[in-house]
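J.: Below, each chain spelled out in residue letters.
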Amino acid sequence: MSIQYILEIAGTCAFAISGALAVKDKDNPDWFSASFTAFVSSIGGGTVRDLLLGSYPLVWISDITILYAIMVGIVLTFIFYKKLIRLRRTLFLFDTFGIALFTIVGTEKALSLGVRPEIAAIMGVFSAVMGGVIRDTMTNEIPIVYQKEVYATACLAGAVSYLVLDYVGTERNTAFILAAAVIILLRILAVRLKWRVPTFFR
Amino acid sequence: MSIQYILEIAGTCAFAISGALAVKDKDNPDWFSASFTAFVSSIGGGTVRDLLLGSYPLVWISDITILYAIMVGIVLTFIFYKKLIRLRRTLFLFDTFGIALFTIVGTEKALSLGVRPEIAAIMGVFSAVMGGVIRDTMTNEIPIVYQKEVYATACLAGAVSYLVLDYVGTERNTAFILAAAVIILLRILAVRLKWRVPTFFR
Amino acid sequence: MSIQYILEIAGTCAFAISGALAVKDKDNPDWFSASFTAFVSSIGGGTVRDLLLGSYPLVWISDITILYAIMVGIVLTFIFYKKLIRLRRTLFLFDTFGIALFTIVGTEKALSLGVRPEIAAIMGVFSAVMGGVIRDTMTNEIPIVYQKEVYATACLAGAVSYLVLDYVGTERNTAFILAAAVIILLRILAVRLKWRVPTFFR
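Chains as they are written, first to last, in my numbering: chain C, -4 to 197; chain P, -4 to 197; chain V, -4 to 197.
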C-alpha cells in the first residue's frame, strides 16, 4: 500500500464525516439521511470525473475499501459528533487536505487517460468539489462553489500548478506535494486573511 | 413476456403517474412540466444505476415499451387525476410495489454485472429511489430520502434480504418474492405504526 | 470548418454568456461562480445527452475549441455585461438560435447512433435544455422547464419536425433549417403572443 493510497482512504473517510455532519441541522437527521449524504459527498467528485471521462469501473465500485472507509467515517461521526463539532478547526484542516489530495489525484488521472491539460485541470477541480456540490444541491443548500470562500478556486490554482510543474519536468512526487501545498496554503491563507475571489460584475 | 417484465412495465407506469401528480401544486403545472417530471421520475433510478455501472445501452433507450408505458401513465393522470388523488391509498400501494420491484431488479442486475454484494445493494436502493431524488431536487422539494418516512431504508433492508437469500442458495424466484415482501411489509408497517429511522445525532 | 460548426461554437459562446449573467443577482457573483455557471450551462445539455447515449469521448473533452469559446463568452460578459443586460432582446434571440441549433444537432447525433426516433427527439430536447436545468437546480432557481414560457416544448416541436422531414426524405440541410425555424418561430411567437403550454390539471 502506497502512502498516497492510505491518504486517499483517509481523505474519503474525512469527506464522509463532513457529509454526515451536514445533515445535523436538517429537519430529519436520521441514520439513512446521514449515511446517504456521507456516501454521496465522498464518492460524488470522483464519480462525476469518471463518468465524464468514461472511465469504468468507477473507483468505489472496483475497490470496496472505499465503501468501508465511508462506513468508518459514518460510525466515527455517530460516536464522536459532539467532539467533532467542537474540533471545527481540525475538520477544516482534514477537509482542506482532502480537497488538495483529490484535486491532484483527479488531475493526474485525467492526464493519464490522455485528455488535454485544460480538461485535466477541470477534472481535478470536479473531483474535489462535485461531491460537495451534489450534497448541497440535494439538501437545498447553496452549493459550496457559490459561497464566498476561496474553495474551488484554490483547487484550480493547485491543478494548474501541478500541470505547470509536470510540463517543466518536475519529478512526479515533488510536483504532487508542491501542488497540494499550493491548495492547502491558499485555502488556509484565504480563510485567515478573509481573501475573496474578485467580483465578476464591477 | 415474463410476469416480471409485465410488473416492471406496470411499475414504470405507476412511477410516471406519481411523477405527473408531483407538479399538481407547483406554480406552473402544464403539460410539459407534468410529462418531463413523469419521465425523469420513472427512468431516473435505473438510469443512475446503469450510468454508475457503465451498462449501455440504457434500458429505456433499448426498450421503447418503457417510453410508451410512461406516456400511458401521463395520459391516465391527465384523464383521471381527480380520482387518482382520492385514491391516495391505492397509489401508495402502487408506489410501494414499484420500489420493491425496482430494488430487487436493480440489485440483481448489478450482481449479474459482477459487482460485489455491498455495491449491488446500493445499486438496488439507487434504482428505486434516485428517480424520486432527482424529481424532488429539480422541483426544489426536500428529496424523499431526507423525509421522515422509512422509504429508502426499507429498500436497503429488502436488497440485503435478497443478497442473504441468494447467498444461502434460495431459489431465485423465491428470493425475489421474499425480498420484495420485506420491502412492502416494512413500508406498510412503517406508515401504519409511524415507525421512524433512528435519529443519528442523539 | 463548416457553417454548422461555426454556429455551434457561437451557440456555445452565447450559452456561456447567459450562464455567466445568471449569477448577477446571486449572493456571491465572483469570477469562479460566473465561470463555473457559464461552463455548466454551456456543456450540460450535450453532456447529459452523451452520457445517456454512452457516446465517448464527450464533445467538449475531445474538442478544446469549445472550452475556449466558453472562456471567450465569460470574458465578453465580464467586459460588456452592462451592455449585454441592456441588449436583453438580442440575448433572447441568441439563446433562441442556440437552443434551436442544439436541439437539431442533438436529435441528429442520437439518430446517427442508431436509437429510435422517439428517443432521438428526447435527446434533442435534453441537449438544448439540460444545461439550463442543471444551472437552475444548482443555483436554487426553479428550472427553466418548469417556467411558464414555451421553451422546451418549442424544442420538442422542432425535434419532431426534423424527424418527420427526415422520414419523408427531405434533404438534410433543408430539414435542419426548417426544423430550427420551427423552434425559433414558435419561441418568438410564444413570447410575443404570450402563448402558454396548456395546463395539465383542468
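Wrong hints could be hidden among the right ones.
Label-pair distances were calculated between CB atoms; the ranges are [what the hints assert, rightly or not]:
id, chain 1, residue 1, chain 2, residue 2, range
1, P, LEU86, V, LYS19, 39 to 47 angstroms
2, P, ILE74, V, VAL186, 27 to 35 angstroms
3, V, GLU136, C, ILE59, 50 to 58 angstroms
4, V, SER57, C, GLN(-1), 23 to 31 angstroms
5, C, GLN(-1), V, LYS143, 25 to 33 angstroms
6, V, GLU113, C, TYR0, 57 to 65 angstroms
7, P, ILE74, V, ILE59, 49 to 57 angstroms
What the hints contain is simulated information worked out from the structure, not anything from laboratory work.
No residue lacks a Cβ here, since even glycine has one placed at the ideal position from N, Cα and C.
J.: Go through the numbered hints given earlier and state which of them the structure violates, listing their numbers in rising order.
T.: 3, 5 and 6
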